[in-house]
Amino acid sequence: MTEYYTRTGDEKALDDFVARIAAALTQDELPDWKDAREHVYYALHPRTDDEVQPPLARQVTPYCVSHLILESPTRNEWITPKMLERWGVTEEEARQAAMENGDRLLEETDLSVESSDDGTSIGHFDLEDDTLNAALLLAPSLGERVGPHFGWPLYAVIPNKRRLCVFSKEDFEQLQERIIRFVIRCYDDNKFLSPELLEIGPNGIRSVGAWVEADDEDE
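According to this note's numbering, the sequence shown is numbered sequentially starting from 1.
Careful, some of the hints might be misleading.
Taking lysine to aspartate or glutamate and the EDC-like style, the derived pairs with C-alpha atoms no more than 20 Å apart in a straight line are [what the hints assert, rightly or not]:
(1) LYS34 <-> GLU100
(2) LYS191 <-> ASP130
(3) LYS34 <-> GLU71
(4) LYS82 <-> GLU92
(5) LYS169 <-> GLU92
(6) LYS169 <-> ASP117
(7) LYS82 <-> GLU38
No wet-lab data here; the hints were simulated from the structure.
Let's have the full structure, built from the sequences with the hints guiding it.
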């Protein structure tokens, strides 16, 4: 938490931290599973030693973890073991719902492809709630949706939860300078996530490299 504030100067960091903890402890207005199930999604969160990590987190890359959120009109809440207990569902059932909802959201969301005169292309998703970018990145059907445009596996960057772009591995050499500027600029704002170049394919997500050094690269 201290490291996050020092890095970003985000004045809302403490309020957001307190709100998340309070929501996790109370959940007085938790919807039943029948209603909640359609609003469970995967999310990504920065992996740091000094910031509170989400419940049910699983490491994805050296810089970020995946976890589950419950989307609502006002804010997306971290899903906790207590919430699963109240719903009467297992963690794996919740993860299955998140995958199905990610696929549904991916099918409903337009993919914008920006092509350049040099033959390269960059894609992004036109989401109404762009904090759900990670849900699309982790959707099982991502390859079917974007593969025809960018190949499969492909490359992606998601420097913060509101900024995501995908592109062909073959185009990276030509796009490299532009992508690096994009990542560094967006990674330095108040909602940093990952400064990594990600390869996404049939075997999931792996980090190809990063433009900022991790604190614990040897782990």
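Going through the hints against the structure:
Restraint check for LYS34 and GLU100: satisfied, since their Cα atoms lie roughly 14 Å apart, inside the 20 Å limit. For the proposed pair LYS191 and ASP130, the alpha carbon gap of about 13 Å is at most 20 Å, so the pair holds. The hinted pair formed by LYS34 and GLU71 meets the criterion: a straight-line CA distance of about 14 Å does not exceed 20 Å. The hinted pair formed by LYS82 and GLU92 meets the criterion: a straight-line CA distance of about 15 Å does not exceed 20 Å.
Note on LYS169 and GLU92: the hinted pairing is violated, with a Cα-Cα distance of about 32 Å set against a maximum of 20 Å. A threshold of 20 Å between alpha carbons decides the hint, and for LYS169 with ASP117 the separation of about 18 Å falls inside it, so the pair holds. Distance check on the hinted pair: LYS82 and GLU38 sit about 19 Å apart at the alpha-carbon level, within 20 Å; holds.
Hint 5 from the earlier list is the only one contradicted by this structure; the remaining hints agree with it.
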